[in-house]
Amino acid sequence: DAGVTQSPTHLIKTRGQQVTLRCSPISGHKSVSWYQQVLGQGPQFIFQYYEKEERGRGNFPDRFSARQFPNYSSELNVNALLLGDSALYLCASSLPGTGEETQYFGPGTRLLVL
Amino acid sequence: AQKVTQAQTEISVVEKEDVTLDCVYETRDTTYYLFWYKQPPSGELVFLIRRNSFDEQNEISGRYSWNFQKSTSSFNFTITASQVVDSAVYFCALSEVLQGAQKLVFGQGTRLTINP
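Top to bottom, those sequences are chains H and A.
Heads up: the first sequence is residues 1 to 114, going by this note's numbering.
Heads up: the second sequence is residues 1 to 116, going by this note's numbering.
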């Protein structure tokens with residue numbers, strides 16, 4: 001079975017631009033979470049989507065948004081890019097549950113903002 | 001708030017040595033889950049283990065073993081007879097339920113280098 005897939009693998013943008021990152025979960029998984037990993041640090045939770053609704057948001061501004069489609073794939077959008085948005089963006093999928101489900105991660109998208 | 005501390009930023013050992021990665025966590029929850037992930041240079045986080053707070057039994061999987069001690073809030077990871085392929089950044093994580101979402105709180109990671 002295919003794991004979590006993300007596209008693109010790498011992306012270069014300039015300040016002020018907008019970017020869209022894509023994620024396809026493991027087949028059968030209905031929950032998708034997004035994390036930001038700045039170089040040298042652990043991943044930070046952005047938000048989680050389940051059944052096309054956002055449930056739970058970390059400490060990120062409204063410039064970060066996402067949506068989930070009927071096939072449970074997801075897109076992360078970041079508007080008005082800042083230099084500090086340069087990071088590895090990781091998507092994780094999981095089976096729905098009461099909170100103990102394991103999150104499986106994709107290879108990530110490396111975003112560089114110049 | 002939940003917190004995970006991995007005090008060892010970098011560890012370097014020679015192949016075949018045993019190595020232990022430390023993880024200390026803070027939580028007010030009585031039920032919680034702990035995880036270890038491996039991140040090779042490619043960037044993908046690879047799931048290694050999940051442990052719930054009610055199960056304090058140590059676990060062994062091949063050359064990997066985990067020691068969960070609730071009394072000291074620690075969940076340490078040992079690699080026996082290390083190999084060059086074990087070189088990676090290892091993250092310990094704690095689950096937290098936030099507004100109905102399961103959020104993982106990660107430590108800063110330990111960069112493990114196995115030298116031939």
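These are computed hints drawn from the structure, not numbers from a lab.
Treat the hints loosely; a few may be bogus.
Said to hold, decoys possible - Under the rule of at most 30 Å between Cα atoms (straight-line distance), these lysine-lysine pairs were calculated in the DSBU-like manner:
id : chain 1 : residue 1 : chain 2 : residue 2
1  : A       : Lys38     : A       : Lys70
2  : A       : Lys70     : A       : Lys3
3  : A       : Lys16     : A       : Lys38
4  : A       : Lys70     : H       : Lys52
5  : A       : Lys70     : H       : Lys13
6  : H       : Lys30     : A       : Lys16
7  : H       : Lys13     : A       : Lys38
8  : H       : Lys13     : H       : Lys52
9  : A       : Lys38     : A       : Lys3
10 : H       : Lys30     : H       : Lys52
Claimed, not checked - The following residues of chain A were derived to be distant from chain H, with all beta-carbon distances above 10 Å:
id : residue
11 : Ser74
12 : Ile79
13 : Gln99
Each residue gets a CB set at the ideal place from its N, CA and C atoms; glycine is no exception.
Hints versus structure:
Note on A:Lys38 and A:Lys70: the hinted pairing holds, with a Cα-Cα distance of about 23 Å set against a maximum of 30 Å. The suggested pairing of A:Lys70 with A:Lys3 holds, with an alpha-carbon distance near 15 Å, which does not exceed 30 Å. Of the supplied pair hints, the one linking A:Lys16 and A:Lys38 holds, its CA atoms being roughly 19 Å apart against a limit of 30 Å. A C-alpha spacing of about 37 Å is found between A:Lys70 and H:Lys52, which places the hinted pair above 30 Å, so the restraint is violated.
Using a Cα cut-off of 30 Å, the hinted pair A:Lys70 and H:Lys13 is violated, with the two alpha carbons roughly 45 Å apart. As the CA atoms of H:Lys30 and A:Lys16 are separated by approximately 41 Å, the hinted pair breaks the 30 Å bound. Distance restraint check for H:Lys13 and A:Lys38: the Cα-Cα separation of roughly 29 Å lies within the 30 Å cut-off, and the hinted pair is therefore satisfied. Between the alpha carbons of H:Lys13 and H:Lys52 the distance comes to roughly 28 Å, so the proposed pair stays at or under 30 Å and holds.
At most 30 Å may separate the alpha-carbon atoms for a hinted pair to count; A:Lys38 and A:Lys3 meet this at roughly 19 Å. Between H:Lys30 and H:Lys52 the CA atoms are separated by roughly 9 Å; this keeps the pair inside 30 Å, and the hint holds. Every Cβ of chain H is farther than 10 Å from the Cβ of A:Ser74; the closest lies at roughly 17 Å, confirming the non-interface assignment. Look at A:Ile79: its CB is around 20 Å from the nearest CB on chain H, clear of 10 Å, so calling it non-interface holds up.
A beta-carbon of chain H comes within 10 Å of the beta-carbon of A:Gln99; the shortest separation is about 4 Å.
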